[in-house]
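K.L.:
Okay, here's what each chain looks like letter by letter:
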Amino acid sequence: MFYIFCPYCDERREEEEFHPSGQAHITRPADPENCSDEEWGDYLFFRDNPRGIHHELWVHRLGCRKFFNITRDTTTYEILETYPMGERPTVTAERAGVRQEQGVQTADGGWQTVGARPENSKLNEETPS
Amino acid sequence: MSEARSENSASNVAVFDTHPSDAIDAESPLHWSRQRGVIDAAAGEGQVTVVERPFLGHLILRGGAIVLDEAVRETLGVSLPGQPLGLNHDADGSRSVQWLSPDEWLVIVPAGEEFELENRLRAQLGDAHFAIVNASGGQTLLELSGEHAREVLMKSVTYDVHSHGLPVGKGVGTVFAKTSVNLRRPREDRFELVVRRSFADYCVRWLLDAGREYGLSVE
Ligand SMILES: [Zn+2]
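Line order of the protein sequences matches chains E and V. FYI, the numbering for the first sequence is 5 to 133, going by the working numbering. FYI, the numbering for the second sequence is 874 to 1092, going by the working numbering.
Okay, chain E solo, but in the shape it has when bound:
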């Protein structure tokens, strides 16, 4: 059970009042008519699935009904910060020194990337942390 700080109501509330809405900071292609199918497909369907720091969009659906962002560690479930729409996170994978990997762990312990276009070709290699 999360205890989430709503940046608009300015206080902590129970998770029951909120609803997650997926990855944050996804930018719609500026010119959809002229972007490639790959760009449009990435925008519509493909999302990051990092182990570690994840920036996600939540809505305070039973409170102020505003959307805002949460930076959360997907391994510990710890919420590191919440911040209003239009702002950038202060805690990021780079800055927190947390290893960010794309993909899901497979049964044999390796990594399998998901999405049309992996952002990093070394995703399947374990990096020393």
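Incorrect hints may appear among the rest.
To be verified - Simulated pairs of lysine-lysine, DSS-like, Cα-Cα distance not exceeding 27 Å:
(1) Lys70/E - Lys1051/V
(2) Lys1051/V - Lys1028/V
(3) Lys1043/V - Lys70/E
Claimed, not checked - Quick list of simulated restraints, FRET-style, between CB atoms:
(4) His1002/V - Asp14/E: 18 to 28 Å
(5) Ala1001/V - Leu48/E: 35 to 45 Å
(6) Arg99/E - Ser967/V: 52 to 62 Å
(7) Ile897/V - Glu43/E: 49 to 59 Å
(8) Gly966/V - Pro24/E: 34 to 44 Å
Stated by the list, open to error - Stretch-level coverage of chain V by chain E, calculated; a stretch enters the list once three of its residues show a Cβ under 8 Å from a Cβ in chain E:
(9) 936-944
(10) 1046-1052
Since the hints were made in silico from the structure, they are not lab data. Predicted, not measured: the structure shown is a model, and the values here were computed from it. From the three backbone atoms N, C-alpha and C, an ideal C-beta is built for every residue, glycine too.
Following the hints, put chain V with the ligand in place on chain E, whose structure we already have.
P.N.:
For chain V with the ligand alone, coordinates are given in the frame of chain E:
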């Protein structure tokens, strides 16, 4: 057309008085429960009392805080709560303005006043960027008071309803018995629940059950 709009935007907004004439009986959201005897049969010793306040005028105001504050002061004599979760009342306590979100406030006035208020607000706001929605038909207000009112709420909402969590002059949107509620504290000894009209019956039945041990009665 666009020129006419910019000259006098108020006249281009379709407004109408949602109150029917007195010849037509209006039924409260709890009508069904009253008719079926669910409520009458539940008269207790009155350590907790629920009073239904149907047909009040509910207006949702949206826009910038500064421009709305000026208009609300002018028309209602109440200032807009500047802080999140604020709830302000007029001198006799029958008209209120509540913060709902950074650009949204709820105004509740006695029955029948909302249409005139809406028109006065529209005239006052002129060409400002704003929206007013009459939500009177969509929600209703229940008052909860009595010695054990807080205990009944503690069983029903996730929010901390102690005076340090919900002091007088505060209103919050939260979870009430698996549905939503706008929970307000206008006075030390009274809570107000603004609930969806279609959920009013469910909420009252929940309160009847939660308040049974305290002899909860509904008026
Ligand atoms: Zn909120």
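K.L.:
Against this structure, judge whether each hint is valid.
P.N.:
We went through each hint and held it up to the structure:
Our distance criterion of 27 Å between C-alpha atoms is met by Lys70/E and Lys1051/V, whose separation comes to about 20 Å. The hinted pair formed by Lys1051/V and Lys1028/V meets the criterion: a straight-line CA distance of about 12 Å does not exceed 27 Å. Pair hint Lys1043/V plus Lys70/E holds up; C-alpha atoms about 19 Å apart against a cutoff of 27 Å. Take His1002/V and Asp14/E: their Cβ atoms lie about 24 Å apart, and the range 18 to 28 Å holds.
Here the CB-CB span from Ala1001/V to Leu48/E is close to 37 Å, well matched to the stated 35 to 45 Å. Distance hint check: the CB atoms of Arg99/E and Ser967/V are about 53 Å apart, consistent with the given range 52 to 62 Å. For the hinted restraint 49 to 59 Å between Ile897/V and Glu43/E, the CB-CB distance of approximately 58 Å keeps it satisfied. Hint check: Gly966/V to Pro24/E, Cβ distance near 40 Å, so the stated range 34 to 44 Å holds.
Look at the segment 936-944 of chain V against chain E: 0 of its residues bring a Cβ nearer than 8 Å to a Cβ of that chain, fewer than three, so the hint is violated. Counting residues of the segment 1046-1052 of chain V whose C-beta lies closer than 8 Å to any C-beta of chain E gives 3; at least three are required, and the coverage claim holds.
When held up to the earlier numbered hints, the structure conflicts with hint 9 and nothing else.
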